[in-house]
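*Asks:* Place chains P and A on chain B using the hints.
Residue numbers (numbering that gives the first Met the number 0), protein chains in the order written: chain B, 0 to 385; chain P, 0 to 385; chain A, 0 to 385.
Think of the hints as simulated: they come from the structure by calculation, not from any bench.
One copy or two, either will do: identical chains are not told apart, so a pair holds if it fits within one copy or between any two.
Straight-line Cα separation of at most 27 Å, BS3-like style, residue types lysine-lysine; simulated pairs:
{"hint": "1", "residue 1": "K213", "residue 2": "K31"}
{"hint": "2", "residue 1": "K31", "residue 2": "K99"}
{"hint": "3", "residue 1": "K38", "residue 2": "K209"}
{"hint": "4", "residue 1": "K150", "residue 2": "K261"}
{"hint": "5", "residue 1": "K150", "residue 2": "K99"}
{"hint": "6", "residue 1": "K16", "residue 2": "K99"}
{"hint": "7", "residue 1": "K16", "residue 2": "K31"}
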Amino acid sequence: MARPKTSHTTKLEPFRKILTSVAENRRVGEWKLSPRDLKLPVKHSWSVRQRTLHGGKQEGVEVIEVDNGALRFTVIPTRGMGILRVEMGDVRLGWDSPVKEVVHPQFVNLASGGGLGWLEGFNEFIVRCGLESCGAPGPDTFRNDAGGEVKRDLTLHGKIANTPASEVEVVIERAPPYRIRIRGRVDERSLFGPQFELWTEISTEPGSNKFRVKDQIRNVGASVQEFQMLYHVNYGAPLLEAGARFRAAAKSVTPRNDYPAKDIRHFDTFAGPTAGAAEQVYFLEPQADGAGRAKILLHNAAADRGASMNFSVEQLPCFTLWKNTVAIADGYVTGLEPGTGFPNPRQMERQAGRVPRLAPGEARRFALDFAIHRDRAQVAAAVGVA
Amino acid sequence: MARPKTSHTTKLEPFRKILTSVAENRRVGEWKLSPRDLKLPVKHSWSVRQRTLHGGKQEGVEVIEVDNGALRFTVIPTRGMGILRVEMGDVRLGWDSPVKEVVHPQFVNLASGGGLGWLEGFNEFIVRCGLESCGAPGPDTFRNDAGGEVKRDLTLHGKIANTPASEVEVVIERAPPYRIRIRGRVDERSLFGPQFELWTEISTEPGSNKFRVKDQIRNVGASVQEFQMLYHVNYGAPLLEAGARFRAAAKSVTPRNDYPAKDIRHFDTFAGPTAGAAEQVYFLEPQADGAGRAKILLHNAAADRGASMNFSVEQLPCFTLWKNTVAIADGYVTGLEPGTGFPNPRQMERQAGRVPRLAPGEARRFALDFAIHRDRAQVAAAVGVA
Amino acid sequence: MARPKTSHTTKLEPFRKILTSVAENRRVGEWKLSPRDLKLPVKHSWSVRQRTLHGGKQEGVEVIEVDNGALRFTVIPTRGMGILRVEMGDVRLGWDSPVKEVVHPQFVNLASGGGLGWLEGFNEFIVRCGLESCGAPGPDTFRNDAGGEVKRDLTLHGKIANTPASEVEVVIERAPPYRIRIRGRVDERSLFGPQFELWTEISTEPGSNKFRVKDQIRNVGASVQEFQMLYHVNYGAPLLEAGARFRAAAKSVTPRNDYPAKDIRHFDTFAGPTAGAAEQVYFLEPQADGAGRAKILLHNAAADRGASMNFSVEQLPCFTLWKNTVAIADGYVTGLEPGTGFPNPRQMERQAGRVPRLAPGEARRFALDFAIHRDRAQVAAAVGVA
Numbered sequence: 000m001a002r003p004k005t006s007h008t009t010k011l012e013p014f015r016k017i018l019t020s021v022a023e024n025r026r027v028g029e030w031k032l033s034p035r036d037l038k039l040p041v042k043h044s045w046s047v048r049q050r051t052l053h054g055g056k057q058e059g060v061e062v063i064e065v066d067n068g069a070l071r072f073t074v075i076p077t078r079g080m081g082i083l084r085v086e087m088g089d090v091r092l093g094w095d096s097p098v099k100e101v102v103h104p105q106f107v108n109l110a111s112g113g114g115l116g117w118l119e120g121f122n123e124f125i126v127r128c129g130l131e132s133c134g135a136p137g138p139d140t141f142r143n144d145a146g147g148e149v150k151r152d153l154t155l156h157g158k159i160a161n162t163p164a165s166e167v168e169v170v171i172e173r174a175p176p177y178r179i180r181i182r183g184r185v186d187e188r189s190l191f192g193p194q195f196e197l198w199t200e201i202s203t204e205p206g207s208n209k210f211r212v213k214d215q216i217r218n219v220g221a222s223v224q225e226f227q228m229l230y231h232v233n234y235g236a237p238l239l240e241a242g243a244r245f246r247a248a249a250k251s252v253t254p255r256n257d258y259p260a261k262d263i264r265h266f267d268t269f270a271g272p273t274a275g276a277a278e279q280v281y282f283l284e285p286q287a288d289g290a291g292r293a294k295i296l297l298h299n300a301a302a303d304r305g306a307s308m309n310f311s312v313e314q315l316p317c318f319t320l321w322k323n324t325v326a327i328a329d330g331y332v333t334g335l336e337p338g339t340g341f342p343n344p345r346q347m348e349r350q351a352g353r354v355p356r357l358a359p360g361e362a363r364r365f366a367l368d369f370a371i372h373r374d375r376a377q378v379a380a381a382v383g384v385a
Numbered sequence: 000m001a002r003p004k005t006s007h008t009t010k011l012e013p014f015r016k017i018l019t020s021v022a023e024n025r026r027v028g029e030w031k032l033s034p035r036d037l038k039l040p041v042k043h044s045w046s047v048r049q050r051t052l053h054g055g056k057q058e059g060v061e062v063i064e065v066d067n068g069a070l071r072f073t074v075i076p077t078r079g080m081g082i083l084r085v086e087m088g089d090v091r092l093g094w095d096s097p098v099k100e101v102v103h104p105q106f107v108n109l110a111s112g113g114g115l116g117w118l119e120g121f122n123e124f125i126v127r128c129g130l131e132s133c134g135a136p137g138p139d140t141f142r143n144d145a146g147g148e149v150k151r152d153l154t155l156h157g158k159i160a161n162t163p164a165s166e167v168e169v170v171i172e173r174a175p176p177y178r179i180r181i182r183g184r185v186d187e188r189s190l191f192g193p194q195f196e197l198w199t200e201i202s203t204e205p206g207s208n209k210f211r212v213k214d215q216i217r218n219v220g221a222s223v224q225e226f227q228m229l230y231h232v233n234y235g236a237p238l239l240e241a242g243a244r245f246r247a248a249a250k251s252v253t254p255r256n257d258y259p260a261k262d263i264r265h266f267d268t269f270a271g272p273t274a275g276a277a278e279q280v281y282f283l284e285p286q287a288d289g290a291g292r293a294k295i296l297l298h299n300a301a302a303d304r305g306a307s308m309n310f311s312v313e314q315l316p317c318f319t320l321w322k323n324t325v326a327i328a329d330g331y332v333t334g335l336e337p338g339t340g341f342p343n344p345r346q347m348e349r350q351a352g353r354v355p356r357l358a359p360g361e362a363r364r365f366a367l368d369f370a371i372h373r374d375r376a377q378v379a380a381a382v383g384v385a
Numbered sequence: 000m001a002r003p004k005t006s007h008t009t010k011l012e013p014f015r016k017i018l019t020s021v022a023e024n025r026r027v028g029e030w031k032l033s034p035r036d037l038k039l040p041v042k043h044s045w046s047v048r049q050r051t052l053h054g055g056k057q058e059g060v061e062v063i064e065v066d067n068g069a070l071r072f073t074v075i076p077t078r079g080m081g082i083l084r085v086e087m088g089d090v091r092l093g094w095d096s097p098v099k100e101v102v103h104p105q106f107v108n109l110a111s112g113g114g115l116g117w118l119e120g121f122n123e124f125i126v127r128c129g130l131e132s133c134g135a136p137g138p139d140t141f142r143n144d145a146g147g148e149v150k151r152d153l154t155l156h157g158k159i160a161n162t163p164a165s166e167v168e169v170v171i172e173r174a175p176p177y178r179i180r181i182r183g184r185v186d187e188r189s190l191f192g193p194q195f196e197l198w199t200e201i202s203t204e205p206g207s208n209k210f211r212v213k214d215q216i217r218n219v220g221a222s223v224q225e226f227q228m229l230y231h232v233n234y235g236a237p238l239l240e241a242g243a244r245f246r247a248a249a250k251s252v253t254p255r256n257d258y259p260a261k262d263i264r265h266f267d268t269f270a271g272p273t274a275g276a277a278e279q280v281y282f283l284e285p286q287a288d289g290a291g292r293a294k295i296l297l298h299n300a301a302a303d304r305g306a307s308m309n310f311s312v313e314q315l316p317c318f319t320l321w322k323n324t325v326a327i328a329d330g331y332v333t334g335l336e337p338g339t340g341f342p343n344p345r346q347m348e349r350q351a352g353r354v355p356r357l358a359p360g361e362a363r364r365f366a367l368d369f370a371i372h373r374d375r376a377q378v379a380a381a382v383g384v385a
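Only chain B is shown next, with the shape it has when bound in the complex (with noise of 0.2 Å):
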């Protein structure tokens, strides 16, 4: 008589696969993964792919892309588990950085051009800035906690997203919706520095229009540490265009200085792209609804493409909003910022009390959901959202 297998079923270990691991020594290299090899239901055709990339400044870079059955992103390992891209149907969540290759950081030397050799890699769609720093670059100088005065030369948006994953993993739950998550940890360890492990998740639904990042960060030194974490989300073209919208709800909106504060009043509609204009960065405090969470939208001309994402404001209670309406081969851009700080210089930043600090093990949370709209009601009831 055959066993009974309802109880395999009803509680099933998610599949996971290891891609990369310090601690046991591996790196898969060229891998593919579809429901099939799973036995699972085929309803969304999704598929998880890592490959190599090569030439140039991107020999040896490790990109995992996901295509849900409806919705595609690529994931880099390789710089901090950054997202290159999202895709669906004709929007595309991202932009065109005047750097295109996916910049392998071997290449990349953050202390040159006075601490801004971070731009020579950035083209990603979300880039964490942090761990330790993030914001301007420039001298900083502080107490540690032994009351010893330190002198740090920090680069701009810190050294994260040029840190290569120690540890890399596919998950996929065997149960319906049967999520994918793509799990990587970053270490940002030094001996007499911070030690910060960051845990990251980039996880999606087969057939879905939505995506979500949940990261942690934690202190796993014996001493307080201040940290930084902002999230560098970049849109160009198709969502961002002469007369795109930006939407949010907001306590306050203070331009950076003088040259946006002039525009104040239109901060939240975008200018074309336009040769050699200067950027205009605005710092929001994001108005969070009943659920803690602050909701940001951002739609083309005809608000019948859209992108939102949303966030607790207790996690990020900081929002910046970078307006880089450049010539498209400069780099057409905005960047939709939610931080736990502004991206200033950190001394700034400390006197504002909005550097925060994590106790030995302490561990802080981040979840961000995003979705695509794709006509004109979906991004009306986004804007009802938002």
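*Replies:* Below, chains P and A alone, put in the same frame as chain B:
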């Protein structure tokens, strides 16, 4: 009835092999080609070979070795398409740098030692200096087109020589004289920085004592952009020795400072290797011939071995003679350096009007012809020319 | 009649395997050797194994693991032939750095954080500091032999530990006691800079509780050249603990500054892990024995586990004791550091006459003998010696 084949053979597409390509995500690795592979006549037993170097700081460097049946040269795609050395019989173009390995850019920190890290990888016969800047390291302040003040911390001779090529191809003409071309594209691009594409080509004909460097730099950004280009062409033994001669028609010769000034009368002859000798630098305005080309010759003391180059003074109006007649072990070398300017700090070059600009989409071409002379008669003929 | 074989066996050439060679363009990769491979007697089941590490910042690092049948050590050719750890039974020589990976030099920017980037890769048991400079980072100005003023921006502990070996070989004696040698050459060379070749050797005998480090630095340039060499030998648990003892005969003990000065009476005992503890540094003049050697011992609180080293005070006249008794998670460690000088800024060391010089072609040798002591009697015997 057979189709006539005449039309097919009169206009033959050249053979083309892509060795590295970011666009096609390709890196071929080890590869070899001979006339037999193309069913071409084998009057000169030429070959092209790509291989990968191993060990120390050269781990992972790719080199392309071309033998035209008489003359051999080695191109380094991993180091900006520089030319490591050229050899023909007992004449070697190149030098014995203290740097013995072909150093991978991952091991070069250009900012090292006050912006002198470039020297830790410098051992090529021909190395391009540029593209955003070349010359002495240090801070530079200038106004961009938007009127904003920009500060840059420049490093010696810029980045291009430590940038791996993004596209590399071998092109062989299928019709006489069956020219062999090694072509590579090296990008120097950054957000908020210059956006240059440099297409390089080194070519030769089977059996010839000559080779040609043909480059094109294009501003693919949307803003006017300064650039600098200098060809650092370096000779040691056997051409450089006590009594070796530099021959060029020049409108002016200007010592860089007092130390070479005292030897101005002998600026065109060379001392033998001398431990502890200080470098001497002379700036020349080359005198063009009727075709607008400057002709430069270096020959040994006996005038029976030499190398000449010629180039357009419109393209490269400045010429620097660098005499570094230190001990052999310390890098006995002379640099013959045609450029868009002189290797002074960029600020000084800008004030002198020697930092050219490229409009959006604009390109500038450079062509340099080289020849090796292997007996007294050939050198004498070249002297007549030079 | 068979030829007598005696002459063949009395003088046997050692087995020699080249694992990495710039000269031969070789990188063997994974490799393993045991006595059986050499048809040697297997009294002690020793082995030598090379493997490549993967994931995170250790991607591509090669390590050589030696097991002499009793004692095991790991050498890192990719990091200047440093020694990651040594183990024998329950004694481990090494420490638990916050840096968990064996970091590839491509991910270390020595200039990072004001010249402190070295700390982002620091986790070895023995790491060499040098060769052009070691000690605290900062600017240094001096006159070269030609009388010119040279400015250098030095980084913490120099470059050698982040330079991959150019030549690596395993040498096994075919006659008793069948000594196992791991040899590697690390070059530190630059135009206008020092030209050093460092040959390193780590060796042991099958079944022994001892190992030896024998290095030679040679100035292969044509100019007199300053150098600095310091062996940063680092211990954590199980030898380092509250009540652990440092034992050495010293002519003088000088605290680096006021903070260690107040604890000078207890400089030779160690506190347990203490979160936020500041480092204490003592400079010692070791007292040599009749053979001219200094003997240094570190043992645990119970005096039943210890490690000793001895070295020539003529070769290494200075000894630094670094006490960094922070929390375990922050890198609880003590550094026992014989050197040609102390790890002060080079300018200070030069003024004190502690920066040695090498004439062209001149070499300097260093030999350090290490032993592990695993019970009270062995430690007591070593105390008698030390």
